[in-house]
Amino acid sequence: MKSIDQTWLTADGAASGSGIGALYKIEDAIRGKPPDERRAYREAHARPLLSQLHAWLVAQLIGP
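Its first residue numbered 1, the sequence shown is counted upward by one per residue in full-length UniProt numbering.
Note that these hints are calculated values from the structure, not bench results.
For each label pair, taking beta carbons as the anchor points, the in silico distance ranges come out as:
hint, residue 1, residue 2, range
1, Gly63, Pro34, 36 to 46 Å
2, Glu37, Ala59, 30 to 40 Å
3, Pro34, Val58, 27 to 37 Å
4, Ile62, Pro34, 32 to 42 Å
Cβ atoms here follow ideal geometry from the backbone N, Cα and C, with glycine treated the same way.
Using the sequences provided together with the hints, build the complete structure.
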């Protein structure tokens, strides 16, 4: 199983749709939509990814 840092920071993560690339795909999907639709889509799709990223960043600060 890959660690979250590999998922977020490598091309594999972007290609699998689970890293930073996934956030860009979300933004591409909502470009041109009204603000309320963009917000709802981000809440449903980006929030879980950003929660994972936040957890990883906190773990990096705390360390082993």
